[in-house]
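Starting from the known structure of chain A, fit chain B onto it as the hints suggest.
Chains A and B, in that order, are what the protein sequence lines are. Final position of the first sequence in the working numbering is 400; the numbers increase by one with none missing. Final position of the second sequence in the working numbering is 290; the numbers increase by one with none missing.
Hints may be right or wrong, so weigh each one.
[Stated by the list, open to error] Here are the simulated DSBU-like pairs of lysine-lysine, each with C-alpha atoms no more than 30 angstroms apart in a straight line: (1) Lys180/A / Lys127/B; (2) Lys115/B / Lys127/B; (3) Lys283/A / Lys115/B.
The set of hints was computed from the structure by calculation and includes no laboratory data.
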Amino acid sequence: MPISRSAPRLPRLARQIGGAVAALSLAMVLTAPARAQETIKVGLVAALSGQSAKSGEAITRGLQVAIDQINATGGVLGKKFELVRRDDESNPAKGVLAARELVQKEKVVAFFGGIDTPVSLAIVPFANSSKVPFLAVWAAGTAITRNGAEENYVFRVSAVDELVDEAMIDFAVKTHATKKPGLMLINNPWGESNEAGLKKAAGAKGLPVAGAEKFDNADVDMVPQLTRLKEAGADTIFLVANVQPAAQVVKSLDRMGWNVPVVSHWGPAGGRFTELGGPSAEKVDMVQTYSFSGKLSPKGETVLAALKARYPEIKTLADVTPAVGIANAYDAMNLLALAIAKAGTTDGPALRKAFYEIGPYVGLIKTYDKPFTLGNNDALGKGDYIFTHFKGAEIVPVGN
Amino acid sequence: MLILSAIVSGLSLGSMYGLIALGYHVTYTVSHSVNFAQGSSVMLGAVLGYTLWVTLGLPLPVAVLLALILCGLSGLVVERALVRPFVSKGSSAWLMATVAGGIVLDNAVMFTFGKEPRSLPSVLAQKPVDLFGAGVYPLQLVIPVVGIAIALGLHLLLRKTSAGKALLAVVQNPTAASLMGIDVQRAVALAFAASSVLAGIAGLLIAPLLSVSSDMGLMFGIKAFAVAILGGMGSASGIMLAGFAYGLVEALITSALGSSYTQILVFLAVIAALALVPDGLFGRAAVKKV
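Chain A extracted, bound-state conformation:
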């Protein structure tokens, strides 16, 4: 008679679960308002595990150092900031769930995004409909901030693909006297969006494109693609790929004995490019928004010292690589604090308006003045990008 024996147990278990859930919800209802009075919560939805875990860690460090500094001077509106993090595992569906949870349950007043453009794009409609500011601090997909919403709650302190493509072409023309760009692109939507952007930017300068070649993540040999570009007369390679395939491009160039300038999007900065690509990887010029190497501004010195103090595992400059995540997040957190101070409230619509009224702010990447304007929710423009290259495991500005 197993059925009749187990039958009475089920309701008891259900009662227990029900009781636990009720107690938990009650506890949450009781504690949530009490805590909200003490702190202003800000969220982060980023890759904290998997291949891009390093990026989520960098963003966390930038945000945390900024929050520590703001809290040390009394916080904003008399309250201190508190960071609540959620892992999106580089998965758009998980990212949206996490954003929902942060806004609806944790009651964050604003939240930051991670490295993955697809995740951020998925979160954009939710941010706009829930009227909670969403700050992109890494993902560069053009449509994240230029999303067509009438009331746009998405702001960005990072590079924008379309502008990166223009900056890459400008840089190449100035530095390498490029006349005929050859494009080497990863075979995915990121590569495609940059193919369009680079062709547009080259066209605007009147430069004929030698060709656009694709490759996959696991390709070992890019000699055939590069040979095609060489035969078509390419005098500069424009590279859009993450670290592993980018390293294969460098090795293939080595084998061909083709010494050609390579100008790259920021993909290779995310990994051990010089270990994988060999000495020639140091010759690749990459877009970044910031580098802790070289002569730092007083702000740069302060932030670097604060990073080293809070995270003892940072010993050399190679440990704050790539700096973009840290620097973008640091500046974005400070701009958010200024907007809240300006608005005098953490209410979403008022906060959104306040973003457009932020005055001068001496940040890590640059001195901002009116960083956001109606119709332009990107704080960084073409002129704010710097070109860098690897030197050993460190990323240093070009010319160093």
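Chain B alone, transformed into the frame defined by chain A:
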């Protein structure tokens, strides 16, 4: 220049496919089953080599030997846990079981080794040498030599030695073979171990050209299986030739039309070739000689 460099890089890539495909050949010849996770065994060889040599600092020969022994053991595990339980019941579920085993292994390595790709240094893959105007790493010339040597060795082992003939007898008629005093189960297990060792050798050779990561084996495994089918599962020399052909076609298509069409055209070519010669370019129709 364009054609020449395509030929050189195609042949060196093709020999890698051939080398991995030999692993399919070995188990198929003995048991008519294969380890579909051959790509994961390639990865395992590279990851073990990296861990033992670079991370733990063992001397290179020791690290290589140990890595290959561990690969062989993994082959035994695959046979015992993922193939034998199904084959013994006459089921074809080993097919899915080995695929699943590969996914489990890839993910286990991702968690332990990390997802960041690492570089396995090799003096043979630093300075390119000039070959008819196209640059290649010396390692790219070593791989085809090793591949051809192993193919030749396998051919001689299976056709000319009594142990080899015993192995071939197993696939013809396992019951009769075991009545003749051949330990069938041991022969099959050995074949799976050998297959994983071959994949491990391929992984160790390929790693310095590519990079070491948990997902490095997937495409190699798939392409090598296409090569094995194309060459004829039963013919070691046919498989090496098919490997060269596959690599060559792949590189020529890329240099003629650009890389966007490579995968589509190469796999279409494989399908077309198999439609014309179902037993592979160099295979023979399976005839049961009883």
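Comparing the hints with the structure gives:
1. Lys180/A / Lys127/B: 29 angstroms, holds
2. Lys115/B / Lys127/B: Distance of about 28 angstroms is within 30 angstroms: holds.
3. Lys283/A / Lys115/B: Satisfied, since the Cα-Cα distance of roughly 26 angstroms is no more than 30 angstroms.
In summary, this structure violates none of the numbered hints.
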